[in-house]
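Protein chains in written order, with our numbering: chain A, 2 to 458; chain B, 24 to 318.
Hints may contain errors.
Claimed, not checked - With a straight-line cut-off of 35 Å between C-alpha atoms, the simulated DSBU-like cross-links for lysine-lysine are:
1. B:K258 / A:K82
2. A:K160 / A:K236
3. B:K169 / A:K236
4. A:K368 / B:K258
5. B:K258 / A:K93
6. B:K258 / A:K447
7. A:K304 / B:K258
8. A:K312 / B:K169
9. A:K304 / B:K81
10. B:K169 / A:K200
11. A:K259 / B:K169
12. A:K138 / A:K236
13. A:K138 / A:K200
14. B:K258 / A:K259
15. A:K387 / A:K62
16. B:K258 / A:K458
17. B:K258 / A:K62
What the hints assert, rightly or not - Away from chain B, derived, C-beta distances all over 10 Å, residues of chain A:
18. L111
19. F115
20. Q393
Read the hints as simulated data drawn from the structure, not as lab findings. All C-beta atoms, glycine included, are put in the ideal place defined by N, C-alpha and C.
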Amino acid sequence: MKKFLALSMAAVMAASLLAGCGGSGSGSGSSAVSSGSAGGGAAQTIKVAAIETAYGSDMWKEVAAAFEAETGIHVELTTDKNLEDVIGPAMKAGNYPDVVHLATGREDALTETFIKDNALLDITDVLSMTVPGESAKVSDKIAGGFTETSLTNPYGDGKTYLAPMFYSPCGLFYNAGLFEEKGWSVPTTWDEMWELGDKAAEEGISLFTYPTTGYFDAFFYALMYSVGGAEFFDKATHYEEGIWDTPEAQTCFDIVAKLASYTEPTTPAQANDQDFTKNQQLVLDNKALFMPNGTWIVGEMAKAPRADGFKWGMTALPAVEDGGDGYSYTWFEQAWIPAGAANPDAAKQFIAFLYSDVACEIFASAKNADGEPTPAIQPVLNIADKLEGDNQLFYSIYDNGAKAAMGNFAATDAIEGLDIRTVWFDPVNSLVAGTMTEQQWIDGVKDASDQLRGALK
Amino acid sequence: MEKGKGRKRFLFFCVAPAVLLFTVFMVIPSLNVFRMSLFRRSAYSPTEEFVGLENFTKLFGDANFIRSIQNTILLIVVVTIVTFGFALVFAGILTREKIKGQNFFRVIFYVPNILSVVVISAIFSAIYDTNNGILNSLLSLFSPEKVAILWKGEGMVMTSLIIAMVWQAIGYYMVMYMASMSSVPESVYESANLDGAGRVTQFFRITLPLIWTNIRTTLTFFIISTINMAFLFVKAMTNGNPNGASEVALSYMYKQAYTNSSYGYGMAIGALVFLFSFALSAVVNKVTERDALEF
């Protein structure tokens, strides 16, 4: 009897330990939206995984419910701030969500990894699909240019693999109140910028700061456009041979290097994920004039203290010469379908639905956890008309003369030990600190560009 | 006979779960790291390409990797020596001397150890702030001008990491040393007193030799925990910034494996770090070998 007891206890112990390993799929933040409308047990279910950002996660629940009401397809929704950690393990085991909403540029680089692995489903046909519940086609709704960039068509073959989502114009943010007070005007060329920098320096204000070097991607892309136009941008982002020796490239490098000398000196020490808000605070405290950022900055710094009379202002990157074009980079997120998804057809319907009036409305009225409005703006036509307050000003930047810059560096196979940010943007920290010369930076870029050219997709 | 068999079976079932879990969660993944280091693949690759030792040969030409290894070694050496010194001295004082508020100090020294690294990094973010930080403000008291040291700038960032890591680790090792010091019999010190040995002599001639086994164990702990903790501290405090100046081996591994989609390359770094920490621990263990003293 005793022996039996001991044996069974040991067995129970072993079983209970192992039980913890089972039960996958129901990770944190996962919630199935139940539906009363779609009857019958055979209703299809799709798994949707969306990153929870400043926009909050409630909007996704509402959109999932609206999609379900429209099509009868169940949505099993997973949202999390660290989405990669939640869906990553299952994906390593080959269980993919049907739709993933996750932008490029995150540290875990899940989306980039799928691009490099050719593991995305071609969704070009979604563009010619009719939006569920409407008569318009998807391509008629999406604003021009959004489905022609390397962010949506990574392989440059005219096929779309990633759907453009929530966009935000990026530019230089400043305290408009300070400019009014001092009687300064916002520079429209880089020469005016340097003049303003000297004037501000006399008052003990630095011209420039940046949250982290990660914000230089949008900055550098817009700069490349304003220096050499779309053609130069295209060649540079495809690592064309000799492109970094051209006068256009030299101008880009010179501007960043000169800007580094005008940068608030404590910036590099705070340019990390822990302290970047201290750099943003420099602008709120009138210690620095401009910083590159996106429209989310208003919500991000909503509770931060600020100088008297502070008023957000945003401008495009100045033109290189008088009468030239100022550019503002359009940052947007992406939604995509993994090639291994179990329900590609229903997933495509879901993506098409994301551009419906109903969904756009839900996204645009998103609120964060504090109840502050944080509108997520879908890249559909005529949406900027519905905005209010600061956002109306920001989103009308393209109506006020700035040109839109879109795209990014072309996709390549992964090269061990070499990534874009480390080579192109991180050295700005060293330029500001004076531990690296402009030439060293350029040499690094050229060397990396040569390697990346060979690995182009 | 029958009883012995039953006992063996009982032992087998008691040990089996632990062995099974250890194998599934430790042994197999570790072997997998070595296997994957021989392939070119991403974290989610359905396919992988065998490249032999190419990942390893590339590593030795990768300046960023070499810098991260240098930083790791710097941390292992400096954090170990400084923590070891402080922890021993504090433990000696708290066990041997009668000072007021002994228990209070024990608790105070141990508190950093139970704080999460994220909390510690937030604390040090306030301490190291260039404009309003405690450290620069304190230094400004002794200087005619306002001190504006960039604690997280390129020049100082490793020093700042070392200070934070030492602050965090002292309490843990102090408690370990105190435990073994308090088991040294009082009579040994009494007779040393009669022979005219001072406190410092007693510390070096009696305390240290008698807790030597304990010290050896902690040295291995130091190596392993510094490698691991360095990753957490770097991740929470600087993420390798500015411009890679504070990158350590494991944070670089993470960046390569995920951010740069080179999982195989990352695993090669993991394999090297694994071998390196094993070898270093073995060397330290060998070098510190002494005949055990008994009391």
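Checked hints:
no., hint, verdict
1, B:K258 / A:K82, "17 Å, holds"
2, A:K160 / A:K236, "20 Å, holds"
3, B:K169 / A:K236, "48 Å, violated"
4, A:K368 / B:K258, "30 Å, holds"
5, B:K258 / A:K93, "23 Å, holds"
6, B:K258 / A:K447, "29 Å, holds"
7, A:K304 / B:K258, "26 Å, holds"
8, A:K312 / B:K169, "30 Å, holds"
9, A:K304 / B:K81, "47 Å, violated"
10, B:K169 / A:K200, "24 Å, holds"
11, A:K259 / B:K169, "27 Å, holds"
12, A:K138 / A:K236, "32 Å, holds"
13, A:K138 / A:K200, "53 Å, violated"
14, B:K258 / A:K259, "31 Å, holds"
15, A:K387 / A:K62, "22 Å, holds"
16, B:K258 / A:K458, "31 Å, holds"
17, B:K258 / A:K62, "32 Å, holds"
18, L111, "8 Å, violated"
19, F115, "7 Å, violated"
20, Q393, "34 Å, holds"
Consistency with the previously given hints fails for numbers 3, 9, 13, 18 and 19, ordered from lowest to highest.
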